[in-house]
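Engineer: Keeping their order, the protein sequence lines are chains A and B.
Counting with UniProt numbering, you get residues 1 to 333 for the letters of the first sequence.
Counting with UniProt numbering, you get residues 1 to 333 for the letters of the second sequence.
Reference excerpt, derived from the structure (chain A facing chain B, CB under 7 Å, subset only):
(1) 95
(2) 126
(3) 149
(4) 152
Keep in mind that the hints were calculated from the coordinates and are not lab data.
Predicted model, so just to flag it, every value in this text is computed and none were measured.
All C-beta atoms in this analysis are idealised placements derived from N, C-alpha and C, irrespective of residue type, glycine included.
Protein chains: 2
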Amino acid sequence: MGLDEAATKPHEQLAAHLTAKLDAVNELIRKRMASRHAPRIPEVTAHLVEAGGKRLRPMLTLAAADMCGYGGEFDVHLAATVEFIHTATLLHDDVVDESAQRRGRPTANLLWDNKSSVLVGDYLFSRAFQLMVETGSLRVLDILANASATIAEGEVLQLTAARDLSTTEAIYLQIVRGKTAALFSAATEVGGVIASAPETQVRALYEYGDALGIAFQIVDDLLDYQGDMSVTGKNVGDDFRERKLTLPVIKAIAAADDDERAFWRRTIEKGDQRDGDLDHAMALLNAHDTLSQTRQDALAWAEKAKSALAAMPEHSLRTMLIDLADYVVARIS
Amino acid sequence: MGLDEAATKPHEQLAAHLTAKLDAVNELIRKRMASRHAPRIPEVTAHLVEAGGKRLRPMLTLAAADMCGYGGEFDVHLAATVEFIHTATLLHDDVVDESAQRRGRPTANLLWDNKSSVLVGDYLFSRAFQLMVETGSLRVLDILANASATIAEGEVLQLTAARDLSTTEAIYLQIVRGKTAALFSAATEVGGVIASAPETQVRALYEYGDALGIAFQIVDDLLDYQGDMSVTGKNVGDDFRERKLTLPVIKAIAAADDDERAFWRRTIEKGDQRDGDLDHAMALLNAHDTLSQTRQDALAWAEKAKSALAAMPEHSLRTMLIDLADYVVARIS
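Using the sequences and the hints, build the whole thing.
Structural biologist: Here is the structure:
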């Protein structure tokens, strides 16, 4: 890719370092995505799989396995597995969120229909399942089965906790683990497991992925209230308008007086939003300083990710993963 | 259940014979369906799991394992697994079909929403995955991963083949394997595998489930054109109105002259249906004798199912499974 020299961002450095393996992952993804009888499948997925995703999760698996000295081929299977699971959840999320755009392009459910998004998501999930069975590692299967359950449970929890003002930070954290961190931590952990790394390292890889994923999602939620649309591609206040309870609002509700609670009840719980409400919500977040508290939380998770890697041996990939944790929170620092 | 004496139908005889194991399956299903944090999950699934399903697929697994002399507990895990996979596909099917009723009750997507149906289906699939990993059998995982892929591919194929007059009997068969037979054959096969049955018996169990599932689905499609609504719960001609290409129509199209082909193109491909079209369609099916040809196909698959069991040792369960194959086609004989 010619990135070796020019690469500055950590995920580009990772991609440059892992380029041969990443090519093998992309080849395997293309091969396993194909369906002899149902051409709709690659149509729907090519759209997503080739839509400029950074392959962040596959890189986490490849980097973990490489750091642990793995010399086999199943890291490629597992990297493709996590990308398939990720893509499957995106397809189903777009149905659930009724999204019209992802990564600046129309979503599959808009281009085709919800039916294809549901069924092709199921297809990718079953293909992921086949890929991981091929590794022959029951421990890997156990980790990915548990991650899948955490993802699904988190998604349902998000649906039921939505618009419920009693949502706590603990529930938020569980939703975030489901949405993002469970697949990050499974991606890094299975890399260590397939390489037969010592238990302390497998645990460290899990901790890194978990903390990185949580930091990643908190940053995303924070940027919704203070991001630059030209950078984030999101309008400020989308989550407020969609009545999503994210960390800045959960913290503000916990600190709210009666009037403020009535405001949140009207705007989030009842969905009765008027002109000026977003400005008032922003004022409340600022009054209770919850944006900077949320920022502190994200930074603390990034630090936790970095400390976890202390258990890993010195390695250029370890340095890149440490830089990646810093990069994830750089947008809000 | 007090069914031992009164039981006449084969699935009731199976239930009576397997009653202790079935109770364990139901207990495991209840336990694994629960979610500490997302009460919506058991709400949505209880509705389906307790809505009077016959537990046909779990019974196939239990019967297969029992016939092969299995003495362990993992047959219960696998029976719950296949029921979870079945329930997950029902939830997703209802979204795809935009169904309003199943088994005479409102569907989950109508009672709650499509979002819950998609996500709770994903949850059940991941719970199924966890259950099968607990058996520790890579071969079982391989069989169920392949069945999942066949199911998902068949569903997508059905979507893309819908309303396409060039759909052949071979494509129909693949759709039917995805919709029905893949889970039947996986259910019986894993019963033999977990019991470490000889290969000839494992193969026979697979063949039985495959042929039984195909017979089952062909009967269902045939009854749509000639069933008694008070028995089937379906209106005659629902598939025609929904422009579904099932076996009686595929056979009629293959035998159609130009005028008839124009009729099918207008009604099925273009969806321009007028008063009297269903009567005309029925007349064409009768003119080409495709209802009785379809009936012959179903009977032949039921025979194939029964012959497969010749490889199994003499056993009261074997007799019940033979009777079950006859029972499946009895409604059209």
